[in-house]
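**Q** If you read the protein sequences in the order shown, they are chains V and S.
If you want our numbering, it's the 1-based position in the first sequence plus 320.
If you want our numbering, it's the 1-based position in the second sequence plus 320.
Keep in mind that a hint or two might mislead.
The list treats identical chains as one, so a pair stands whether inside a single copy or across any two.
[As the list claims (entries may be wrong)] Straight line, CA to CA, 20 Å or less: simulated EDC-like cross-link-like pairs of lysine to aspartate or glutamate:
hint, residue 1, residue 2
1, Lys455, Asp476
2, Lys489, Asp476
3, Lys424, Glu356
4, Lys489, Asp411
5, Lys455, Asp407
6, Lys455, Asp362
7, Lys489, Glu356
8, Lys489, Asp350
9, Lys455, Glu380
Treat the hints as calculated values from the structure; they're not laboratory data.
Given next are the chains, with one letter for each unit.
2 protein chains.
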Amino acid sequence: MMHASYARAGAPAQVEVRPSRFDERRAIGDILMRSEIFGRADAECVDAMFLETWQSPPREDHYRWLSCWRDGRMIGFACYGPESLTDRTWDLFWICVVPEARGKGAGRALMVAVESQVRQAGGRLMVIYTSSTPKYAPARRLYERAGFVCVAVVPDYYAEGDDLNIYWKRL
Amino acid sequence: MMHASYARAGAPAQVEVRPSRFDERRAIGDILMRSEIFGRADAECVDAMFLETWQSPPREDHYRWLSCWRDGRMIGFACYGPESLTDRTWDLFWICVVPEARGKGAGRALMVAVESQVRQAGGRLMVIYTSSTPKYAPARRLYERAGFVCVAVVPDYYAEGDDLNIYWKRL
Numbered sequence: 321m322m323h324a325s326y327a328r329a330g331a332p333a334q335v336e337v338r339p340s341r342f343d344e345r346r347a348i349g350d351i352l353m354r355s356e357i358f359g360r361a362d363a364e365c366v367d368a369m370f371l372e373t374w375q376s377p378p379r380e381d382h383y384r385w386l387s388c389w390r391d392g393r394m395i396g397f398a399c400y401g402p403e404s405l406t407d408r409t410w411d412l413f414w415i416c417v418v419p420e421a422r423g424k425g426a427g428r429a430l431m432v433a434v435e436s437q438v439r440q441a442g443g444r445l446m447v448i449y450t451s452s453t454p455k456y457a458p459a460r461r462l463y464e465r466a467g468f469v470c471v472a473v474v475p476d477y478y479a480e481g482d483d484l485n486i487y488w489k490r491l
Numbered sequence: 321m322m323h324a325s326y327a328r329a330g331a332p333a334q335v336e337v338r339p340s341r342f343d344e345r346r347a348i349g350d351i352l353m354r355s356e357i358f359g360r361a362d363a364e365c366v367d368a369m370f371l372e373t374w375q376s377p378p379r380e381d382h383y384r385w386l387s388c389w390r391d392g393r394m395i396g397f398a399c400y401g402p403e404s405l406t407d408r409t410w411d412l413f414w415i416c417v418v419p420e421a422r423g424k425g426a427g428r429a430l431m432v433a434v435e436s437q438v439r440q441a442g443g444r445l446m447v448i449y450t451s452s453t454p455k456y457a458p459a460r461r462l463y464e465r466a467g468f469v470c471v472a473v474v475p476d477y478y479a480e481g482d483d484l485n486i487y488w489k490r491l
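Chain V with its partners taken away, still in its complex shape:
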């Protein structure tokens, strides 16, 4: 398993990304609820995915989890995995950093770690499904800076006026 750390020039403290552990379940829920982006329904969905990862027999297409730490505190996480019935297409399902830690390289460190892991696993393509609303603009900028391109839009997918944006990157 990966154990990598990433330092950002001028950042006061080093950000560390490592595989999540089962006892981080509550911390992941807290990060979502404190995110000012995601809500209870999202947190419940993530929790169900988290439980499934640990409670089901390991499968090739199981979810992978990374936690991001700084100064001994968990400040973010990411969840990714292969897309069923595709040839080496992977999906970044969730990425979230607590508000007070944003703009300091944690999101970028998670993106770099996910992409590195997916490349090592033989990934060919990565996709990210996200919302078109202003609330998600920082997330979209993060994806674009990591080289993802919005290749498709599904109008009103999440709700009226809230489109699905599909970001895409060839690895």
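For chain V, the structure is supplied; the task is to place chain S on it using the hints.
**A** Chain S in isolation, oriented as in the chain V frame:
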């Protein structure tokens, strides 16, 4: 639950669509394996979804299944359900009719039944994810005839040269 039947003008025998039962599990697998479109990986994915539907505690976002019958024989099925974390967006996950029964209204009857059920459940939008390859051209025509529009394309999603086409219909 629904119990509807659909007759097509000039069709020799009436096609009947009704909710699938657990003991139709093997018949659904056989339909996929005989489809000349889907393969073992698809059949295994469908079987896992089928088992999950019956073995998990009922949830709002559980999968729904419809079987299509003619002359006492099951000739097709459909699987659909709401998309998590969306406002009343539903997904037609699978639809399949055995080769010898195609072009005789079974696919159309399944589409009509799914759409009717989704409307009754309060659906606002329906999406269908499918492949861009020639093998899926009859399926794409079926969706288009039912009023679905291809609103988005994700290049090389399934494999190199095999795009994801997203069909879309407002209910």
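**Q** Give a verdict on every hint.
**A** Results for each hint:
no., hint, result
1, Lys455 with Asp476, "within (16 Å within a copy, 29 Å between copies)"
2, Lys489 with Asp476, "between (23 Å within a copy, 11 Å between copies)"
3, Lys424 with Glu356, "within (17 Å within a copy, 52 Å between copies)"
4, Lys489 with Asp411, "within (10 Å within a copy, 25 Å between copies)"
5, Lys455 with Asp407, "between (32 Å within a copy, 17 Å between copies)"
6, Lys455 with Asp362, "within (15 Å within a copy, 36 Å between copies)"
7, Lys489 with Glu356, "neither (27 Å within a copy, 31 Å between copies)"
8, Lys489 with Asp350, "neither (30 Å within a copy, 37 Å between copies)"
9, Lys455 with Glu380, "neither (33 Å within a copy, 27 Å between copies)"
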